[in-house]
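Build out the structure end to end from the sequences listed, making use of the hints.
Heads up: the sequence shown begins at 33 in the numbering used here, then just goes up one per residue.
These are computed hints drawn from the structure, not numbers from a lab. All figures in this text were calculated on a predicted structure; none of them were measured in a lab. Hints are not guaranteed to be accurate.
Simulated restraints, written as ranges between beta carbons of each label pair [claimed, not checked]:
{"#": "1", "residue 1": "ILE134", "residue 2": "ASP112", "range": "15 to 21 Å"}
{"#": "2", "residue 1": "ILE134", "residue 2": "ASP79", "range": "27 to 33 Å"}
{"#": "3", "residue 1": "VAL73", "residue 2": "ILE120", "range": "16 to 22 Å"}
Taking lysine to any residue pairs in the SDA-like style, the calculated list, with each CA pair at most 20 Å apart, reads [unchecked claim]:
{"#": "4", "residue 1": "LYS45", "residue 2": "ILE61"}
{"#": "5", "residue 1": "LYS124", "residue 2": "PRO106"}
{"#": "6", "residue 1": "LYS71", "residue 2": "ASP44"}
{"#": "7", "residue 1": "LYS124", "residue 2": "GLY102"}
{"#": "8", "residue 1": "LYS71", "residue 2": "ASP84"}
{"#": "9", "residue 1": "LYS124", "residue 2": "SER101"}
{"#": "10", "residue 1": "LYS45", "residue 2": "ARG35"}
{"#": "11", "residue 1": "LYS71", "residue 2": "LYS124"}
{"#": "12", "residue 1": "LYS124", "residue 2": "LEU103"}
{"#": "13", "residue 1": "LYS71", "residue 2": "SER101"}
{"#": "14", "residue 1": "LYS45", "residue 2": "LEU143"}
{"#": "15", "residue 1": "LYS71", "residue 2": "ASP133"}
{"#": "16", "residue 1": "LYS124", "residue 2": "ASP84"}
{"#": "17", "residue 1": "LYS124", "residue 2": "THR83"}
{"#": "18", "residue 1": "LYS124", "residue 2": "ILE88"}
{"#": "19", "residue 1": "LYS71", "residue 2": "ASP56"}
{"#": "20", "residue 1": "LYS71", "residue 2": "ARG129"}
{"#": "21", "residue 1": "LYS71", "residue 2": "THR107"}
{"#": "22", "residue 1": "LYS45", "residue 2": "HIS142"}
{"#": "23", "residue 1": "LYS45", "residue 2": "VAL73"}
{"#": "24", "residue 1": "LYS71", "residue 2": "THR55"}
{"#": "25", "residue 1": "LYS71", "residue 2": "GLY102"}
Where a beta carbon is used, it is the ideal one built from N, C-alpha and C, also for glycine.
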Amino acid sequence: MRRWEELRPELDKRGVQIVALCTDTPEEILAGHPKHRLKGVMLSDRDLAVTDLFGIRNQGVHTGPPGVSGLPVPTTILVDAEGVVRWIDQSKNYQRRSDPDIVLAALREHLG
Numbered sequence: 033m034r035r036w037e038e039l040r041p042e043l044d045k046r047g048v049q050i051v052a053l054c055t056d057t058p059e060e061i062l063a064g065h066p067k068h069r070l071k072g073v074m075l076s077d078r079d080l081a082v083t084d085l086f087g088i089r090n091q092g093v094h095t096g097p098p099g100v101s102g103l104p105v106p107t108t109i110l111v112d113a114e115g116v117v118r119w120i121d122q123s124k125n126y127q128r129r130s131d132p133d134i135v136l137a138a139l140r141e142h143l144g
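Here it is, written out as structure tokens:
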């Protein structure tokens with residue numbers, strides 16, 4: 033999520049909020065959040081319930097940390113103020129995230 037902070041001025045200008053979903057426990061999120069100086073919201077999806085609702089569970093490539101039955105496919109979803117999904121970017125490599133420049137271009141195209 034640190035890379036998202038590069039986009040902070042553009043996100044703030046458009047009223048965009050970052051919400052990240054991860055398999056960390058709430059305690060792990062609280063412990064790591066200040067360390068990384070993240071300004072977005074991080075939500076725990078330890079049981080992958082939300083991940084499965086979006087259909088983005090990584091099948092068989094990486095099993096995830098102990099106690100977790102998988103990991104989400106790295107996915108960026110741009111949702112407008114009405115809750116409409118405007119853009120999706122996914123990576124087949126679980127170690128890669130969306131490029132900030134590509135996300136910024138999508139923001140400009142879909143949110144002005």
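Quick rundown of the hints versus the structure:
no.: 1; hint: ILE134 to ASP112: 15 to 21 Å; verdict: holds, 18 Å
no.: 2; hint: ILE134 to ASP79: 27 to 33 Å; verdict: holds, 30 Å
no.: 3; hint: VAL73 to ILE120: 16 to 22 Å; verdict: holds, 19 Å
no.: 4; hint: LYS45 to ILE61; verdict: violated, 27 Å
no.: 5; hint: LYS124 to PRO106; verdict: holds, 8 Å
no.: 6; hint: LYS71 to ASP44; verdict: holds, 11 Å
no.: 7; hint: LYS124 to GLY102; verdict: holds, 14 Å
no.: 8; hint: LYS71 to ASP84; verdict: violated, 26 Å
no.: 9; hint: LYS124 to SER101; verdict: holds, 18 Å
no.: 10; hint: LYS45 to ARG35; verdict: holds, 17 Å
no.: 11; hint: LYS71 to LYS124; verdict: violated, 26 Å
no.: 12; hint: LYS124 to LEU103; verdict: holds, 12 Å
no.: 13; hint: LYS71 to SER101; verdict: violated, 28 Å
no.: 14; hint: LYS45 to LEU143; verdict: holds, 11 Å
no.: 15; hint: LYS71 to ASP133; verdict: holds, 19 Å
no.: 16; hint: LYS124 to ASP84; verdict: holds, 17 Å
no.: 17; hint: LYS124 to THR83; verdict: holds, 15 Å
no.: 18; hint: LYS124 to ILE88; verdict: holds, 11 Å
no.: 19; hint: LYS71 to ASP56; verdict: holds, 17 Å
no.: 20; hint: LYS71 to ARG129; verdict: holds, 18 Å
no.: 21; hint: LYS71 to THR107; verdict: holds, 19 Å
no.: 22; hint: LYS45 to HIS142; verdict: holds, 14 Å
no.: 23; hint: LYS45 to VAL73; verdict: holds, 18 Å
no.: 24; hint: LYS71 to THR55; verdict: holds, 19 Å
no.: 25; hint: LYS71 to GLY102; verdict: violated, 26 Å
Checked against the numbered hints given earlier, this structure breaks hints 4, 8, 11, 13, 25; the rest are met.
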